[in-house]
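Enquirer: Chains as they are written, first to last, in UniProt numbering: chain A, 1 to 339; chain B, 1 to 339; chain C, 1 to 339; chain D, 1 to 339.
Hints may be right or wrong, so weigh each one.
It does not matter which identical chain is used: a pair holds within one copy or between any two.
Said to hold, decoys possible - Subject to a maximum C-alpha distance of 35 Å in a straight line, what follows is the list of computed DSBU-like cross-link-like pairs (lysine-lysine):
hint	residue 1	residue 2
1	Lys21	Lys55
2	Lys55	Lys334
3	Lys91	Lys21
4	Lys21	Lys99
5	Lys91	Lys334
6	Lys55	Lys99
These aren't lab readings, by the way, just hints derived from the structure by calculation.
There are 4 protein chains.
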Amino acid sequence: MAENLRIAVIGTGRMGSDHIKRLTHTIAGADVTGVVDIDAGRATAAAALAGDHAKVWNDPHAALASGEYDAFVLTTPGMLHYDVLMDALDKRVPIFCEKPLTADAATAREIVDAEAALGQRLIQVGFMRRFDAGYQRLRGWFEDGSLGAALMLHCRHRNPTSPPNFTDALMIYDSVVHEIDGVRYFTGEEITEITVRRGRASRGAGGQLSDPQQILMRTESDVLVDVEIFVNAAFGYQVHTEAVFEQGVVDIGGDEGAYVRTAGRWGGAVTPGFEQRFAAAFDTEFQGWVNTLRAGRAPDGPSAWDGYAAAACCEAGVAAQDSGETVAVTLGDKPALYR
Amino acid sequence: MAENLRIAVIGTGRMGSDHIKRLTHTIAGADVTGVVDIDAGRATAAAALAGDHAKVWNDPHAALASGEYDAFVLTTPGMLHYDVLMDALDKRVPIFCEKPLTADAATAREIVDAEAALGQRLIQVGFMRRFDAGYQRLRGWFEDGSLGAALMLHCRHRNPTSPPNFTDALMIYDSVVHEIDGVRYFTGEEITEITVRRGRASRGAGGQLSDPQQILMRTESDVLVDVEIFVNAAFGYQVHTEAVFEQGVVDIGGDEGAYVRTAGRWGGAVTPGFEQRFAAAFDTEFQGWVNTLRAGRAPDGPSAWDGYAAAACCEAGVAAQDSGETVAVTLGDKPALYR
Amino acid sequence: MAENLRIAVIGTGRMGSDHIKRLTHTIAGADVTGVVDIDAGRATAAAALAGDHAKVWNDPHAALASGEYDAFVLTTPGMLHYDVLMDALDKRVPIFCEKPLTADAATAREIVDAEAALGQRLIQVGFMRRFDAGYQRLRGWFEDGSLGAALMLHCRHRNPTSPPNFTDALMIYDSVVHEIDGVRYFTGEEITEITVRRGRASRGAGGQLSDPQQILMRTESDVLVDVEIFVNAAFGYQVHTEAVFEQGVVDIGGDEGAYVRTAGRWGGAVTPGFEQRFAAAFDTEFQGWVNTLRAGRAPDGPSAWDGYAAAACCEAGVAAQDSGETVAVTLGDKPALYR
Amino acid sequence: MAENLRIAVIGTGRMGSDHIKRLTHTIAGADVTGVVDIDAGRATAAAALAGDHAKVWNDPHAALASGEYDAFVLTTPGMLHYDVLMDALDKRVPIFCEKPLTADAATAREIVDAEAALGQRLIQVGFMRRFDAGYQRLRGWFEDGSLGAALMLHCRHRNPTSPPNFTDALMIYDSVVHEIDGVRYFTGEEITEITVRRGRASRGAGGQLSDPQQILMRTESDVLVDVEIFVNAAFGYQVHTEAVFEQGVVDIGGDEGAYVRTAGRWGGAVTPGFEQRFAAAFDTEFQGWVNTLRAGRAPDGPSAWDGYAAAACCEAGVAAQDSGETVAVTLGDKPALYR
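Can you build the whole structure from these sequences, using the hints too?
Expert: See below:
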C-alpha cells in the first residue's frame, strides 16, 4: 500500500474545517499536513484539528510551490479560486475544488481550456450529491433504460432558512446549482434553456427574497425539468427528485428514519440540514478521491467541465430571473479531455 | 326492484342509533320502520333519527310477532340476545346480531344448534372487519396461494383509551374477539389453543388493567398467531396485521392519509377510533346484508357458527389469562349448514 | 322522512349506466324512475339496471316536461348539454350535469347568466374530486391557515393509457380540467394565466400525442401551479397533489393499500383507474346531492360558475398549447348567486 | 495526532478478509500490519489485501507475544476464541472479538472473570448493530423517557435463505443472538426468561429446520419481547424492531431507498443481506474502536459481559427449543468493571 497522501487544505472557514476533520478522522489513507489561510489565527486553529502533522501557510502559492504536498483541497470563496487553480495546473498537482469552480462562466471556461491544453485531469469539483447512494441509484435507471427514456424531472430543494444577506441570485448560484448538476448527472446531457417563474413570496423570507421560485429547464433530448427552490421552507431540509420515464416513475429523497406514533400523529423527524442529509456523500466523495490519487490515477469525479457548465447555467438562470424570459444556455465545444 | 326492506332496530344505545342513521341516510333499499327499546324516551328519540316511518315498541317479542318487518337488527347488550335470537329463529325472520352472539359459548352453541335444526340461515353476526377492503385483500393472499402457505400472523390492536370499568376479561371479549374472528377469516381455520402473557403494565391503564397483553394462538394447520392488545395506547387507534407466508410478507392497516411536513416532522394524523377506521366496512356490511335479503337470499356474512367459535375462543382466552397456561379450544362438530 | 327522490337519467352510455347502478344500489333515498336515450335499445337495457321502476324516454325535453321527476342526471356528450340545461332551468328542475357544463366557454357563460337571472341554483356539475376525502383534507389546510399562506401547487395526473383518437386538446378538456377545478377548489381563487410546455414525448403515446406535457398556471394571489399530465404513464393511475405553504408542505394521493414483500421487492399495487381511485368520491357526491334535494335545499356542490370557469381555463390552455405563449384567463363578472 | 494503529487480524475467512479490507481502505488511523491463519496460503492471500504492510503468522500466540501490534482482531470460529482471548488478557493487549465470545456460557464467564480480575477492559465484542443509526435512535427513546416506560418489543429477523447444514440451534446462536443483544442494548436490562414456539414450517427450509420460529423473552422490568426468526424468508433480508411505550410506538428497520412505480406496482428493492443493511454499522464500529485505542482509552463498545450474557441467553434458548418450556436465564453477579 502506498504511503498516506499528504494534503494541504486552502481556506479554513466552516467548509475547510469540516474537511480537515473528515480527512483526519474518517478518510483512510490521507493526512492533512498543510493548512493555508490568510488569517494566521484561523489557520493555526485549523491546524490543531489535524493533530501535529499540519504546517501553517498564509500564501497558497507558496504551499503549491513547496513540493511538500501530494494534493490540495480548495475551500476559499469562489472569487479567489481562479489564481489558485491556474497555479495548480501550472504545477501539475491534483486539486479538489469546492464549488463554484470560479466566479463566473468566462473564467471557468479559461480553467477548462487550460486543463484541456495540459491534456491531463487535475481538478475535481465538489458536487458531492453525485456520491449520494440515492443519486447513484436514480442515475442507474437513466443508464440501464429498463424504464424506457426519461421524459421529465421534478426537483424539490428546500432549506429551513436562508442565511442573512441572501439574494435571489444566490438562490441560483448557491442552491439551484446543485439541481443543475444533478440534472446533468442523471441525464448525461447538457441543459439548453432556463426560465424562472416568481409567484407569491413566503413571509418567512423576510421581504428580502422572492422565495420560493420555480426554475424550468430543458435538456438536449427535450427532457423537461422543473425545480422548486424554497430556501425558507421552515420545516427542515429536503432534497427530493422524481424522474418520469416512459414506463414508470422513480422518486429519491423521501423521508426516512425511525417511525413514531405518538400524540395523534404518525411519522418521523425531518433531516435538519444538508450536513446530515449528505454526510455519507461527503465521506464517499473524499474517500474516492484519495483512493484514486493513491492509486496513481487521474481524478474521475466531477470535472472542470462540470464546474464550467454549472456556471454557465447559473448565469443563464440569473438572466432569466431578471428578464422573465426563457434564456438559452450555450457552452461551446467540449474538449476531448472531458468526453 | 323489490320495495325497500322494512327494518326494526332492537336496542337504541350508541350502536343502535348509529345503525338507524346508517340505514336511513347511507344504505340504499332499506327503511327503518320500527324501533324497539325498553326505555320509551330513548326509543322515541331514536325513532326521530329515522324520520316519520318508525313505529316505537318497547317489547322486542311484540315487534317480532307483528309481521310488520322484513328483518331485524339487534344491538342490545349481549346478555339479552339469547331470547330475541331464539324468538327470531322461531318466527323465521332474518336478524342481524351485533357481537357477541350471546353471553357465553354454551348458549351460543344452543343458537347454532337451533338454527342448524331449522336448516336455514337467518342470523348474521356483526364482525364488520370482514368487510374492510384491507381485510379482504389480505384474505386474497391466503386464498390464492401465490405467496405459498401461511406461517405466522402478527396482530396489533391499539385503542387510545379504555372505557371506565374495563377489565382484563373485557380486553378479550370486546377487543381481542375481533382478532380472533380475523384469524379465522384470514386462514379459514379454527383456532386450537390460546396462551396469554402479561408483562409490564402501562401507567396509562390506571392500575386497573394489565395492559398491554400478548395473546398467543395456534390454528389447525399450526399457523402461529401473536396479538398485542393495548387498550390505552394513548396515540390513537390502530389495527395492524402482518401475515408471514413462505414466499413473502403482507401488511395491512398501515398509516394512511395526507402527508405533512412541518415543524421538523414528516407524517400524518393517526385515525382516532374504530368508527373512522372502519366506517366504510360498516356501510359495506349493511349494504351487502340489505341487498342479500332484498334479493330473497339467505344472509352470507358471518354466521352464528362464527359467533359461537369466537365465544369459545374468548372463554379459552380468559381461562388462559387466569391460569397462565395454554388452554385448548374445542368446538365440537360443525353442522352442515355452516360448511 | 321524505319519499325517495324520483330521478331520470339522461344519456345511458358508460357513465350514465354507472350512475343508474349507483343510484339504485348504493345511494339511499333515490329511485331511478326514468331513463332517457335517443337509442331505444340502449335505453331499455339501462332501464333494466334500475329494476322495474324506470320509464323509458327518447326525448329529454319530453321527460323534463312530464312533471314525473324530482331531479335529472345529465350524462350525454357535452355538445348536447346546452339545450337540456336551458330547458331544465326553464322548468326549474334540479339537474346534475356531468362535466363539461357545455361545449365551450361562451355557451357555458350563457348557462351561468340564465341561472343567475333565475336567482336560484338548480345545476350541480360533476367535479367529483371535491368529494374525495383527501381533497377535502387538503382544502382544510388552505382554509384554516395553520401552515400559513399557500405558495405553490405541484400536481401529477397520470393515466395508464389514453383512449383511441385522443388529442392534445382532449388532454386539457378531459384530464387537466380536473386539476383546473382542483386548483380553484383548494385555493378558493380563480386562475389568471396558463402556459403549456411540451418536451420529449413518450413512445407509449404512439406518435399521436405530445405526452406528457407540463401545464403552468397562476392564481389571483400568485400561487404558482405546475401540472404534469401524462396519459400513457403505463404503470397505472395516479393523482398526486403537493401543496407548499409558508410553514410546511402537504401531499395527498400517495400510494396506499396492502404492503407486500416478496421476490426482492417491497411495495404494493397501483390503483388501476379513476373508478377505483375515486369510487368513494362518486358515492359521496351523489349521496350529498340526493340528501340536499330531499331536504328541499338548493344544490351546494360545484356550480354552473365552476363549470364555466373550468371551460374558460381549458380554452386558454388549448390556446397556450397552440401558441407556446402564456395566455391570460378572463372570466368577466361573477354573478352574486355564486359568491 | 498519534501514529496509525498497528493491527493484526487473526483468522482470514470471509469475515476476517472483509475486516482487513475495511481497516485498509475505509478506516482512518489504522494499518493491518499482521495477518494470522493456520492455513499459510490463505494467510498470504489475506496479507495481499492489506498491501505491503502485513506480516504473515500462523500461530496467534506468537503474534500476541511479538510486541509488534497495538491491537488484535479475532475472527476465527468461536470454539478457538477462548485460548486467544486468555492470552490477550495475559499480555494486556486490546482485542476486538467477533461474536460469539467463546463456545459456551461457562467459558464466556471465565473470560469475564479473568478480565474483571485484571480490572481493565481489553475486549470488545462485535455486536455491530449497536452502531447502526436506527438502533441508536431507538435506544434514544428508551433513554430519554419521552414516550414513557417501554412495555413490549416486537422483533423480526428475516434472511433470504439459510446456509447448508443450518440447524435449529444455530438459528439461536447465529441469528437470534443479535436480537438478544438488541433487547439488552435497547432496554439496558438483562433477559430473565426465554420460551420458544414452533409452528408450521416453511417448505423453503427444506425439511431440515423448523423455520420460522417465535422466541418469547422477558426482561428484568417485565418488558415482553417476541422475535420472529425466519431464515428462509425468500424475499430478502429484513431486521425490523417495533418498541411499544406507554405514550407511543417506534419502528426501525422499515424499507427505504428509491421508490418506483412501474408495471402496476409501487415500491422498491429489498436489502439483499446483512452486509448491505449494516455496512455503515461495521464501519462506524471499527472507526470508533480505532479512535478509542488511538486516544489511549479502554474500549467502550460491547463488553465481554455482553458476550457472556448473550451466550447464556442462547443456551437458555436452545434448552427452551428442546423442552418446549419457559427457561429462566441466570447470570450471577455482574463484576464492577462492567457496571
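Enquirer: State for each hint whether it applies.
Expert: Quick rundown of the hints versus the structure:
no. : hint           : in the structure
1   : Lys21 - Lys55  : both (15 Å within a copy, 31 Å between copies)
2   : Lys55 - Lys334 : neither (39 Å within a copy, 49 Å between copies)
3   : Lys91 - Lys21  : both (26 Å within a copy, 34 Å between copies)
4   : Lys21 - Lys99  : both (19 Å within a copy, 32 Å between copies)
5   : Lys91 - Lys334 : within (24 Å within a copy, 63 Å between copies)
6   : Lys55 - Lys99  : within (25 Å within a copy, 43 Å between copies)
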